[in-house]
Amino acid sequence: MAKVVVVGGGWAGCAAALTARKAGAEVAVLEKTDLLLGLGNVGGIMRNNGRFTAAEEIKLLGAPELIEITDQASRHKNVDFPGHRHASLYDVNLVEPMVRRKLESMGVVLKFETRAVDVKMDGPRIKGVLTADEEWVEADAFIETTGSTGPMGNCLRYGNGCSMCILRCPTYGPRVSISRRAGVEDLLGQRGDDSYGAMSGSCKLSKGSLAPEIVERLEKDGVVVLPVPGEDVNFEKLGYKVCQQYALREFAENVVLLDTGYVKLMTSYYPLEKLRKIKGLENARYADPYSGGKGNSIRYLSMAPRDNGLKVEGIENLLCAGEKSGLFVGHTEAIATGSLAGHNSARLLLGMPLLNLPRALAVGDIIAYANEMLGVPEGLKNRYTFSGGKYFERMLEQGLYTTDRQAIGERVEKIGLRGIFEVRLL
Amino acid sequence: MYQALDCIDAGTEYCPCYLAETGECIMCSQLQGRTFCDCTNWKGVCIYQEYVNNRKRIKEQRKSVVARIADKRYVSENVVLLKLTTGVTLARELKQPGAYVFIRCPEEPAFFDTPMSVMAADDQAGTVTAAVQIRGVKTKALQKAKEELLVRGPYWNGVLGLKYIKGLRNSRALLVTRGIGQAPALPVAKKLIAAGNKVEVVLDKGRGGVNFAEQHFLELGCEVVHRPVLQPTTLNVPEETLEYIRQKLLVEGTRLVYTGGSEKLHQGIGRLLASMGTAVFFACSNDARLCCGEGVCGSCHTRLPGGGRVKTCKSQLRPADIYGGR
Chain A
3 MAKVVVVGGG WAGCAAALTA RKAGAEVAVL EKTDLLLGLG NVGGIMRNNG RFTAAEEIKL
63 LGAPELIEIT DQASRHKNVD FPGHRHASLY DVNLVEPMVR RKLESMGVVL KFETRAVDVK
123 MDGPRIKGVL TADEEWVEAD AFIETTGSTG PMGNCLRYGN GCSMCILRCP TYGPRVSISR
183 RAGVEDLLGQ RGDDSYGAMS GSCKLSKGSL APEIVERLEK DGVVVLPVPG EDVNFEKLGY
243 KVCQQYALRE FAENVVLLDT GYVKLMTSYY PLEKLRKIKG LENARYADPY SGGKGNSIRY
303 LSMAPRDNGL KVEGIENLLC AGEKSGLFVG HTEAIATGSL AGHNSARLLL GMPLLNLPRA
363 LAVGDIIAYA NEMLGVPEGL KNRYTFSGGK YFERMLEQGL YTTDRQAIGE RVEKIGLRGI
423 FEVRLL
Chain B
159 MYQALDCIDA GTEYCPCYLA ETGECIMCSQ LQGRTFCDCT NWKGVCIYQE YVNNRKRIKE
219 QRKSVVARIA DKRYVSENVV LLKLTTGVTL ARELKQPGAY VFIRCPEEPA FFDTPMSVMA
279 ADDQAGTVTA AVQIRGVKTK ALQKAKEELL VRGPYWNGVL GLKYIKGLRN SRALLVTRGI
339 GQAPALPVAK KLIAAGNKVE VVLDKGRGGV NFAEQHFLEL GCEVVHRPVL QPTTLNVPEE
399 TLEYIRQKLL VEGTRLVYTG GSEKLHQGIG RLLASMGTAV FFACSNDARL CCGEGVCGSC
459 HTRLPGGGRV KTCKSQLRPA DIYGGR
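Protein chains in written order, with my numbering: chain A, 3 to 428; chain B, 159 to 484.
For the record, the hints were derived by calculation from the structure and aren't laboratory data.
Treat the hints with caution; some may be incorrect.
Mimicking DSBU-like on lysine-lysine, the simulated pairs with C-alpha atoms at most 30 Å apart in a straight line are [what the hints assert, rightly or not]:
no.: 1; chain 1: A; residue 1: K296; chain 2: B; residue 2: K201
no.: 2; chain 1: A; residue 1: K113; chain 2: B; residue 2: K217
no.: 3; chain 1: B; residue 1: K217; chain 2: A; residue 2: K129
no.: 4; chain 1: A; residue 1: K122; chain 2: B; residue 2: K321
no.: 5; chain 1: B; residue 1: K298; chain 2: B; residue 2: K214
no.: 6; chain 1: B; residue 1: K214; chain 2: A; residue 2: K113
no.: 7; chain 1: A; residue 1: K113; chain 2: B; residue 2: K363
no.: 8; chain 1: B; residue 1: K217; chain 2: A; residue 2: K239
no.: 9; chain 1: A; residue 1: K122; chain 2: B; residue 2: K201
no.: 10; chain 1: A; residue 1: K122; chain 2: A; residue 2: K209
no.: 11; chain 1: B; residue 1: K221; chain 2: A; residue 2: K122
no.: 12; chain 1: B; residue 1: K253; chain 2: B; residue 2: K363
no.: 13; chain 1: A; residue 1: K296; chain 2: B; residue 2: K217
no.: 14; chain 1: B; residue 1: K221; chain 2: B; residue 2: K324
no.: 15; chain 1: B; residue 1: K321; chain 2: A; residue 2: K129
no.: 16; chain 1: B; residue 1: K214; chain 2: A; residue 2: K296
Derived DEER-like restraints, expressed as beta-carbon distance ranges [claimed, not checked]:
no.: 17; chain 1: A; residue 1: K222; chain 2: B; residue 2: R215; range: 51 to 57 Å
no.: 18; chain 1: A; residue 1: F114; chain 2: B; residue 2: P390; range: 52 to 58 Å
no.: 19; chain 1: A; residue 1: G210; chain 2: B; residue 2: N212; range: 34 to 40 Å
no.: 20; chain 1: B; residue 1: F269; chain 2: A; residue 2: K122; range: 41 to 47 Å
no.: 21; chain 1: B; residue 1: Y176; chain 2: A; residue 2: P126; range: 26 to 32 Å
no.: 22; chain 1: B; residue 1: P390; chain 2: A; residue 2: M3; range: 55 to 61 Å
no.: 23; chain 1: B; residue 1: L393; chain 2: A; residue 2: T173; range: 24 to 30 Å
no.: 24; chain 1: B; residue 1: Y176; chain 2: A; residue 2: D82; range: 33 to 39 Å
With the Cβ distance kept under 7 Å, some of the chain A side facing chain B (calculated, not the full set) [what the hints assert, rightly or not]:
no.: 25; residue: N156
no.: 26; residue: P176
no.: 27; residue: A213
no.: 28; residue: P229
no.: 29; residue: V230
no.: 30; residue: P231
Predicted model only: the values in this text are computed from it and were never measured.
Every residue, glycine too, gets a C-beta built ideally from N, C-alpha and C.
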């Protein structure tokens with residue numbers, strides 16, 4: 003049986019593993035930590051703004067599993083918060099085991115605490131990846147979903163140092179760019195001031211450390227907005243953020259809290275002393291990153307050049323997805339790109355042309371648009387997400403955004419791709 | 159080309175060192191003049207972060223300290239066992255396979271510093287024992303020492319393939335040593351025995367003319383056999399000895415082979431292991447011409463078969479990459 007190895011078990015890697023498996027490949031996922039989902043373990047926001055459209059498209063294309071899991075694990079549905087409508091907030095404490103069981107039940111082999119550190123090439127093909135334990139893992143095709151976050155040296159050079167986030171580089175070792183090891187230079191995202199990278203956009207507070215009335219409101223409504231004392235309002239920090247969809251005035255003048263099991267604080271970092279000046283947060287403490295008072299992880303320092311079928315340029319049998327495949331933000335974006343990369347790995351093995359999702363779909367358009375924008379000077383400073391910023395504006399302009407499930411169904415039907423990811427190819 | 163090797167000092171109190179300051183760090187791409195992480199050889203500590211947090215200065219490095227000679231015993235005409243009182247801290251730091259120090263007479267200039275493997279370290283008494291074979295200018299000068307020597311350490315890269323030695327449990331290991339190479343093999347045997355391994359030692363008294371470590375191997379519970387491991391003129395491993403080792407691997411299921419002696423010995427055994435294609439771990443003594451021990455002077459450099467030069471005083475190389483085998 004043809005073998006596909008997915009390097010990195012975040013949302014993109016899990017999605018890729020599922021669709022590669024559905025297409026008939028033998029699939030193994032190499033994950034450096036002891037958890038799947040990576041930063042998805044501290045995320046939780048789904049279906050806000052254009053992500054609703056994208057989630058429905060992914061389901062209709064034939065990869066409903068992960069979207070269904072996040073729906074099932076949602077603590078709140080149809081939540082509005084500044085700049086965002088109809089969000090679902092999945093419970094970060096529930097979702098990882100659900101995904102793990104789903105992948106295992108579908109016969110995906112999960113190799114935890116397995117960090118890929120190098121490759122063995124056979125001309126323009128990757129023959130195998132080397133793990134930190136000196137094992138060679140060979141396969142016919144590889145999908146890199148190692149993301150772009152960290153490691154510690156990058157978080158220090160481009161941020162405020164290691165803030166001890168969920169990726170736990172000190173414990174499990176840092177991410178290594180597989181495409182770079184295979185000889186393809188990484189592309190780097192920039193921020194407004196021309197420096198590189200961007201900082202993750204939210205922290206988690208421990209729920210038990212908040213005032214009971216805040217917790218009560220959070221559990222009822224999913225969201226609480228608290229005003230920041232005037233002297234502490236800082237608009238500058240919006241520029242550092244990854245998540246341009248949350249870089250809005252309201253997010254500087256207020257702290258926005260969301261209930262994802264933890265309390266998601268919608269800012270990159272916030273000095274604890276200042277945070278505790280806000281009414282109801284007098285005893286607040288961080289759950290992720292542990293040093294959320296000082297900084298957060300740095301991202302977008304490791305993208306691979308790729309085509310719209312998500313094959314990495316210059317390497318015959320390497321695909322990529324998630325942040326590795328562009329300046330994407332979010333779980334939905336990772337699942338969208340991951341699903342396509344997994345499906346295309348089977349096509350690649352058969353010598354078939356790779357599937358490029360048409361631009362009539364939001365998931366097809368964002369993949370093509372993010373690539374196009376790499377050629378534009380400002381393009382490296384933007385982030386691409388269905389949920390806000392430049393790309394959501396584009397969705398509105400192009401008429402891609404809708405919450406009408408029937409309309410989305412018709413759209414997928416019309417281009418003849420309904421259930422394409424369900425098709426067994428190998 | 160950027161190359162990541164395993165540095166023995168990474169993450170220790172001596173890291174970051176002189177090499178970080180000059181953009182020559184063995185492990186960290188950020189400290190090799192590049193501006194992004196490419197961290198294939200993680201040792202649990204971000205060296206770049208240590209450097210920045212130390213205000214972009216290196217840590218305080220090893221210094222020479224005066225050690226009293228507690229015992230000096232000639233075991234043959236040209237082999238002397240020196241027991242030095244180093245204090246408990248240094249002794250504790252040297253109580254592991256691959257440990258070595260630089261020693262010299264206090265009256266000699268710094269370039270008389272002589273690298274010497276630690277044969278035994280007693281962290282209760284605060285002593286360290288080294289076996290010195292008198293051969294050249296530096297070792298002859300050591301003979302003059304009556305009461306005291308200068309000791310600089312701890313250094314740890316006297317054995318290559320350390321992780322295989324440290325990782326083997328409840329298994330079988332074979333140590334092949336010759337002459338003065340018996341001394342660093344003793345801590346190797348100790349470590350292996352402590353992890354529940356069965357250890358056999360093939361001893362060749364070599365040029366020193368004496369198996370000064372035999373009694374210690376036996377006391378540890380090793381099985382000791384006597385065989386010539388290098389022919390006197392050709393410096394090849396005798397065919398009968400190779401056959402003996404081959405049988406050990408094939409019949410008894412030995413999982414690790416350590417060679418302690420000269421490069422010729424490592425080459426001979428490495429070739430045997432490579433030709434057998436078995437999954438046996440290979441470790442060996444580091445016989446490079448160590449001079450400063452700090453990756454600075456370059457006297458210990460070696461070329462890797464795949465290209466690139468390596469400072470062997472600090473780099474944990476895989477013996478198999480240099481000599482064959484796994």
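When the structure is checked against the list of hints, which entries are broken? Sort them ascending.
2, 3, 5, 6, 7, 8, 10, 11, 21, 23, 24, 27, 28, 29 and 30
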